[in-house]
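*Asks:* Residue numbers (the numbering used here): 4 to 865.
Simulated from the structure, these hints should not be mistaken for laboratory data.
Please read these numbers as outputs of a predicted model, since none were measured by experiment.
Take the hints with a grain of salt, since some may be wrong.
[Said to hold, decoys possible] Think about it this way: if two alpha-carbon atoms lie no more than 30 Å apart in a straight line, the pair counts; the simulated DSS-like pairs of lysine-lysine are: (1) K831 <-> K308; (2) K608 <-> K554; (3) K831 <-> K778; (4) K778 <-> K835; (5) K372 <-> K241; (6) K831 <-> K608; (7) K749 <-> K732; (8) K749 <-> K241; (9) K632 <-> K602; (10) K835 <-> K554; (11) K215 <-> K778; (12) K523 <-> K632; (13) K523 <-> K835; (14) K523 <-> K276; (15) K776 <-> K835; (16) K431 <-> K276; (17) K261 <-> K276; (18) K241 <-> K831; (19) K776 <-> K372.
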Amino acid sequence: MNVYVLPGSSQHSIQTDHGEELKRKHERATWQRSFARDWNFREETMKTKPIIYCVLILLALFSAPASADHTIISGDVNNDSRLTATDSLIALQMAVGSMSPDIARADMNHDGMVSSLDALIILRMVQETGPEAEHNPKSAFAAYYSPVNIPVDPCVTPYQLPVNLSNISNIVGINREFELSARENELLMNNGFVIMDYGDVSDIVAPYDDMKHRDIPIFVTSDTLLHLYHIQFDEILKGAEEREFFDALLDMSAAMLKQADYDYNTFTDPEIKEASRRNAAYFAVAVKLLQTPTEEYNGTEDIRKINFTVPDYVQSVVNHEIANIESHEGFTASHIFNTDPNCMAECCYCEDYSQYVPRGHYTRSEKLKRYFKAMMWYGRMAFLLKGGNATECGGIETPLITEEDAKLATIQASLIASELPNTSAGNKTVQEHWNRIYSVTSFFVGTADDLTPYEYQSAITEVFGSDFDTAELADNRKMLELKAELSGLRSPEIYGGSGVCVIYPPLTREKLYECLDKTKGFRFMGQRFIPDSYMFQQLVAPAVGTYAGNKTPFTMCMDTRCFPRGLDVMAVLGSGCAETILREDGDTEYEGINTSYDKQLEKLKTEFAGFDTAEWNRNLYWSWLYTLKPLLNEFGDGYPTFMQTEAWQKKELQTSLASWTELRHDTILYAKQSCTAPTCAPPQTIIGYVEPVPEFYARLLRLTEMTEDGLTDLNILNETEKKRLHSLKRILNRLINISTDELENKALTEDDYEFIRDFGGHLDYVVTGVNTKGKETTIVADVHTDYNTGKVLEEGVGYVKLILVAYRVPDGRILLGAGPVFSYYEFKHPIKDRLTDEAWKQMLQDNPPDEPEWAREITDTG
Numbered sequence: 004m005n006v007y008v009l010p011g012s013s014q015h016s017i018q019t020d021h022g023e024e025l026k027r028k029h030e031r032a033t034w035q036r037s038f039a040r041d042w043n044f045r046e047e048t049m050k051t052k053p054i055i056y057c058v059l060i061l062l063a064l065f066s067a068p069a070s071a072d073h074t075i076i077s078g079d080v081n082n083d084s085r086l087t088a089t090d091s092l093i094a095l096q097m098a099v100g101s102m103s104p105d106i107a108r109a110d111m112n113h114d115g116m117v118s119s120l121d122a123l124i125i126l127r128m129v130q131e132t133g134p135e136a137e138h139n140p141k142s143a144f145a146a147y148y149s150p151v152n153i154p155v156d157p158c159v160t161p162y163q164l165p166v167n168l169s170n171i172s173n174i175v176g177i178n179r180e181f182e183l184s185a186r187e188n189e190l191l192m193n194n195g196f197v198i199m200d201y202g203d204v205s206d207i208v209a210p211y212d213d214m215k216h217r218d219i220p221i222f223v224t225s226d227t228l229l230h231l232y233h234i235q236f237d238e239i240l241k242g243a244e245e246r247e248f249f250d251a252l253l254d255m256s257a258a259m260l261k262q263a264d265y266d267y268n269t270f271t272d273p274e275i276k277e278a279s280r281r282n283a284a285y286f287a288v289a290v291k292l293l294q295t296p297t298e299e300y301n302g303t304e305d306i307r308k309i310n311f312t313v314p315d316y317v318q319s320v321v322n323h324e325i326a327n328i329e330s331h332e333g334f335t336a337s338h339i340f341n342t343d344p345n346c347m348a349e350c351c352y353c354e355d356y357s358q359y360v361p362r363g364h365y366t367r368s369e370k371l372k373r374y375f376k377a378m379m380w381y382g383r384m385a386f387l388l389k390g391g392n393a394t395e396c397g398g399i400e401t402p403l404i405t406e407e408d409a410k411l412a413t414i415q416a417s418l419i420a421s422e423l424p425n426t427s428a429g430n431k432t433v434q435e436h437w438n439r440i441y442s443v444t445s446f447f448v449g450t451a452d453d454l455t456p457y458e459y460q461s462a463i464t465e466v467f468g469s470d471f472d473t474a475e476l477a478d479n480r481k482m483l484e485l486k487a488e489l490s491g492l493r494s495p496e497i498y499g500g501s502g503v504c505v506i507y508p509p510l511t512r513e514k515l516y517e518c519l520d521k522t523k524g525f526r527f528m529g530q531r532f533i534p535d536s537y538m539f540q541q542l543v544a545p546a547v548g549t550y551a552g553n554k555t556p557f558t559m560c561m562d563t564r565c566f567p568r569g570l571d572v573m574a575v576l577g578s579g580c581a582e583t584i585l586r587e588d589g590d591t592e593y594e595g596i597n598t599s600y601d602k603q604l605e606k607l608k609t610e611f612a613g614f615d616t617a618e619w620n621r622n623l624y625w626s627w628l629y630t631l632k633p634l635l636n637e638f639g640d641g642y643p644t645f646m647q648t649e650a651w652q653k654k655e656l657q658t659s660l661a662s663w664t665e666l667r668h669d670t671i672l673y674a675k676q677s678c679t680a681p682t683c684a685p686p687q688t689i690i691g692y693v694e695p696v697p698e699f700y701a702r703l704l705r706l707t708e709m710t711e712d713g714l715t716d717l718n719i720l721n722e723t724e725k726k727r728l729h730s731l732k733r734i735l736n737r738l739i740n741i742s743t744d745e746l747e748n749k750a751l752t753e754d755d756y757e758f759i760r761d762f763g764g765h766l767d768y769v770v771t772g773v774n775t776k777g778k779e780t781t782i783v784a785d786v787h788t789d790y791n792t793g794k795v796l797e798e799g800v801g802y803v804k805l806i807l808v809a810y811r812v813p814d815g816r817i818l819l820g821a822g823p824v825f826s827y828y829e830f831k832h833p834i835k836d837r838l839t840d841e842a843w844k845q846m847l848q849d850n851p852p853d854e855p856e857w858a859r860e861i862t863d864t865g
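The task is simple: from the sequences and hints, build the whole structure.
*Replies:* Below is the structure:
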């Protein structure tokens with residue numbers, strides 16, 4: 004949705020009345036409690052792996068209207084005297100025949116059998132019994148996560164800051180190998196560490212081998228382990244997309260194109276016929292994107308080809324959409340979703356075609372480039388539910404589209420949703436293909452922020468009955484009932500960028516939610532709700548008021564907070580250091596009536612602090628953020644001296660921001676992006692050191708285990724990917740033990756020291772089979788769009804830097820060790836030139852942006 008903030012008086016009225024928000028939450032809760040009457044759920048689409056059960060259960064809980072008529076026998080299927088999500092999963096296993104059915108405990112609707120509906124009824128009961136993690140349906144995937152408890156009593160002997168460099172036992176060797184500037188020596192003395200340039204190196208493993216060969220003690224960094232996990236995450240997702248999802252998406256698209264063409268030639272009702280025509284064009288665009296070579300393609304890849312024909316009656320509009328996608332110029336009216344494709348802004352469905360530039364790992368093969376464009380099309384194009392009269396266009400309450408187009412879009416979405424279960428695509432139905440892609444990507448990133456086919460299927464059954472015939476969509480009275488039924492479903496929580504929603508002063512939260520409600524509708528494979536985009540949405544205009552300071556902060560345009568910062572995310576996650584930097588830079592000085600940046604930040608901090616372990620590990624995306632949290636803590640007495648400094652908090656903040664950037668890079672296709680409402684002594688024994696953050700290593704280990712277990716159940720991993728994950732788990736286990744011993748001031752064994760010294764060699768097994776591009780740190784991701792300035796917020800990771808750290812070992816010596824760390828960038832860039840990794844690398848070579856000002860305390864080049 005294109006939401007513009009129009010400048011007005013400085014006294015914009017921003018209200019924090021939560022009435023609208025509470026109303027929405029109440030509607031959602033009521034809907035969920037009213038769940039599954041005559042729900043048309045096909046058991047043959049259920050897979051035999053519990054992770055897919057989780058996804059389908061989640062879909063049901065957020066979609067299906069329900070009956071309160073079911074008599075509850077027990078639901079305690081595993082007979083443990085508790086009602087939990089596990090009971091529902093066991094009932095599903097019984098339903099698909101992988102376990103013997105227990106009629107007495109699991110037959111909830113008294114039909115003499117255990118079916119998927121029984122499992123859903125049990126889960127509804129679980130949801131209503133309390134707020135505990137095991138009762139939270141959003142946390143279904145958390146069954147793959149094992150809680151972490153690493154008891155440690157830190158008691159490392161400190162040294163005095165500023166440290167006298169002559170007291171460092173290996174300072175002579177360090178000076179021989181590195182020519183430290185006066186500034187670097189100053190930082191090293193004052194903070195106990197310094198970060199230095201290390202050349203144009205983008206392989207984070209290489210410095211370990213370099214330090215080993217130069218006999219410099221190795222300092223194992225958290226940056227390294229985070230980058231190694233990023234490689235696993237990115238390579239596994241990329242592998243699934245290339246090996247399986249591309250073909251599945253092609254089969255789905257071709258089958259639905261054929262079905263839409265059949266509908267167009269069969270229906271006589273003019274509205275259903277027009278909806279069918281639009282659907283034919285919609286799916287033809289996806290097929291063409293998957294089958295048309297890009298300009299750079301040299302024909303060397305094995306990419307499946309199919310015979311397909313774009314119907315003559317949609318050839319022109321399909322060509323227009325393809326041209327818009329390939330030119331990626333920004334906002335343009337869609338030729339498919341508008342009755343008048345020459346419309347401009349008012350009552351006009353416009354799409355941000357700049358989003359279709361393949362980015363992230365999707366530039367690394369022809370197949371991935373095509374997949375990116377087609378999946379972006381399915382993730383972004385919305386079949387909007389609500390429209391308005393033409394007389395309303397151009398006014399303050401301008402609807403996003405006309406009522407005519409909204410009705411056609413609802414017919415389109417209804418046709419698609421109702422035909423998925425019975426439309427064949429290869430040896431499966433389209434719905435089975437859809438379930439497979441959605442299940443896997445939900446485990447990686449989360450569930451859709453927009454309404455799904457299941458929610459439309461459920462609403463159709465509620466209104467038309469279980470014997471629904473698509474011809475009934477011509478019944479105007481029933482269509483009004485259907486739209487009313489769908490209007491009661493959840494609204495999106497993140498601005499996705501469809502349509503033009505202008506917010507006029509005074510800016511209020513209510514107007515924001517009205518815009519969100521206007522974007523309610525169906526997306527075929529909608530982009531996913533991610534917590535950081537939700538944070539951004541709550542920390543930009545109009546939610547935080549107008550600027551009240553006297554600076555020109557990074558976040559401001561006009562007098563509103565148009566841009567968020569990565570620091571916002573870290574502040575919500577608990578970083579006091581991030582919050583301090585934001586205040587010093589003037590990025591928190593926004594106030595309005597009954598609202599302010601500070602109030603919004605505190606609200607978010609309270610909300611996210613209230614999540615328990617299960618909720619934090621609801622999918623791999625959330626779990627990755629959870630893994631970063633220990634790095635954002637302040638380290639007190641007993642920790643190494645360098646870790647107790649404010650400068651170290653900034654180092655860990657930089658590490659966390661760079662890792663978050665890698666997360667956004669890896670999920671750029673699926674994550675729903677937020678948009679602003681416009682508005683020479685004898686050689687000593689080489690004794691290395693591990694950054695002593697055992698809780699961080701433990702959380703990363705659990706995240707790696709969750710990744711392996713869940714994706715094994717999904718049958719996604721190949722043998723190479725399994726071996727890489729096993730290698731990473733072995734290393735993390737070792738680092739937990741070593742870092743715990745370090746904090747307890749215990750002497751490490753010779754084997755431990757050899758493990759650290761040869762750390763680079765151990766890492767080779769974690770990146771086996773990954774090509775050079777897959778290992779590079781030089782990645783970029785656009786994470787937020789501001790249509791007021793025509794710019795996006797880019798987050799980048801640059802070349803590897805080297806950190807020198809002074810640490811004390813149990814024998815009393817102070818040593819300097821070296822290891823690789825991230826570099827991090829945040830900057831604005833034109834919307835029409837969203838950066839690829841390749842363009843970012845060129846920018847780093849030719850004209851790199853400045854690193855954050857706050858980094859000057861830890862590096863000479865900050």
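*Asks:* Decide, hint by hint, whether the structure agrees.
*Replies:* Hints, verified against the model:
1. K831 <-> K308: Cα-Cα ~39 Å, so violated.
2. K608 <-> K554: Status holds; Cα separation ~26 Å.
3. K831 <-> K778: Judged against 30 Å, a Cα distance of about 26 Å means the pair holds.
4. K778 <-> K835: Roughly 28 Å between the alpha carbons, so the hint for K778 and K835 holds.
5. K372 <-> K241: Between K372 and K241 the Cα gap is close to 11 Å, so the pair holds against 30 Å.
6. K831 <-> K608: At roughly 26 Å apart (the allowed maximum being 30 Å), K608 and K831 satisfy the hint.
7. K749 <-> K732: holds (23 Å)
8. K749 <-> K241: violated (42 Å)
9. K632 <-> K602: Holds: K632 and K602 sit about 22 Å apart, inside 30 Å.
10. K835 <-> K554: With a Cα-Cα distance of about 28 Å, the restraint between K835 and K554 holds, given a limit of 30 Å.
11. K215 <-> K778: This hinted pair holds, its Cα atoms lying about 20 Å apart.
12. K523 <-> K632: violated (33 Å)
13. K523 <-> K835: holds (26 Å)
14. K523 <-> K276: holds (24 Å)
15. K776 <-> K835: Roughly 25 Å separates the two Cα atoms, so the pair holds.
16. K431 <-> K276: holds (27 Å)
17. K261 <-> K276: Holds. K261 to K276 sits at ~14 Å (cutoff 30 Å).
18. K241 <-> K831: It holds: about 28 Å lies between the C-alpha atoms, which stays within 30 Å.
19. K776 <-> K372: holds (15 Å)
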